[in-house]
Amino acid sequence: MKTNLHTFYSTLQNNTISGAFVGQNILTYKEITSTNDLLKQLVANFKPLPEGTVIMAEHQTAGKGQQQNGWHSEAGKNLTCSLLLYPLFLSPQNSFNLIAAVGLGVIKSLQQILGNQTRLKWPNDIYHGQKKLGGILIENSIAGNAIKSAVVGIGININQENFPAHLPNPVSVKQILSENYAIKEVLLQICAGIEFYYLKLKAGKSEEIKQEYLDNLYGFGRKLKFQTKDEIFEGEICAVSPSGLLGVKKENETVFYDLKQIKFIFN
Amino acid sequence: MDIKQIQDLIRFVSKSGVNEVSIEQQDFKITIKTNQPQTAIVTTTVPAATAETTAATPTITVTTPVVTTPAAEDTSKYITIKSPMIGTFYRSSAPEKPLFVNVGDEIKSGDVLCIIEAMKLFNEIESEVSGRIVKILVENASPVEYDQPLFLVDPA
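Protein chains in written order, with our numbering: chain A, 1 to 267; chain B, 268 to 423.
If you are wondering where the hints come from, they were derived from the structure by calculation, not from laboratory data.
If you're wondering where the values come from, they're calculated on a predicted model, not measured in any experiment.
Heads up, simulated PhoX-like pairs for lysine-lysine below, C-alpha to C-alpha not over 20 Å straight-line:
1) B/Lys375 / A/Lys47
2) B/Lys349 / B/Lys402
3) A/Lys40 / B/Lys364
4) A/Lys108 / A/Lys210
5) B/Lys387 / A/Lys121
6) A/Lys250 / A/Lys260
7) A/Lys148 / B/Lys349
Produce the entire structure from the sequences given, and follow the hints as far as they go.
This is the structure in structure tokens:
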């Protein structure tokens, strides 16, 4: 680990940072447990680590958000990366805005490759049609009323074609396009997308971001089936609250749900 | 009801094995709870005319299984660390991982105290003070509101 960190630090110093910042420093590792964990360690050890620093793993052995599904991505076939932001301008209470901005950056970039069927599934999964293409997992470090740093972990299935049978509905870029796609290419597009929406958030345009988030949300304004602990019902996603709760209109009433309270039912 | 009677009552309730006992008299109401962590909360309700002056809400810590002196704890010198957001409070980064902090631990500014999870966004809450953890006010994996007190810290 130590040698890794030192190599990393010298690489950083040799890089020059131009106008764009997200993805100006990309560090690629053959195999690590979790890109989020490594990036958090780097933030703690090398201050100040430039905003926009990206860590990419060819093989991530203990990625977050995958483990509970008992699934490890095939080595070298998918995008597993983490990037660093310092959203000091954002109050922790408004951190859903960060989820929305990052999610939009990812989804708008992917739509350029895959078309408009690629959507965000509330709150921050990446879907193509009714199939899961990837996910985003953000870890903030908060002191007082400031978000000191945000480590944004992104996992997207790129060239993997065989998935464990117990996964409900996986899909990869290759399965959609019927051809291999360069992982680094996707990463660079996503970095540009995240930077665009992050700067928009920083410029105070959170209302615009919220509207765009809704417009790119899977099932927004359509009748969908949902399950709660009491019932299965048909409803329409009509809003997302400031803290990120999902507003579903059932008959004439809108109810806001937390993550654990509602499930999407796919056909 | 005097202090002695309250003490006796707390002792009685903590031995009885019940979780909660409430007794209400004309101008007096007492609720004793013994669920984890074992605490007893004594509240007094004063007649409406003097409601403005209600200030007596002593919190009594009951150490398992024996009762300590039910005098109001002086918390004024302690610093309260509050939740910066709505979410779910976690004392470790994963169920099998060690707790970030325990009561009695010495902490310094920058140490991670807990995680507040909201919408799959994991927020590590760092301490801005150095000192000793006196009390953890929220149960692991329970929901917290914005500004809800989480920890009492005795500053160094």
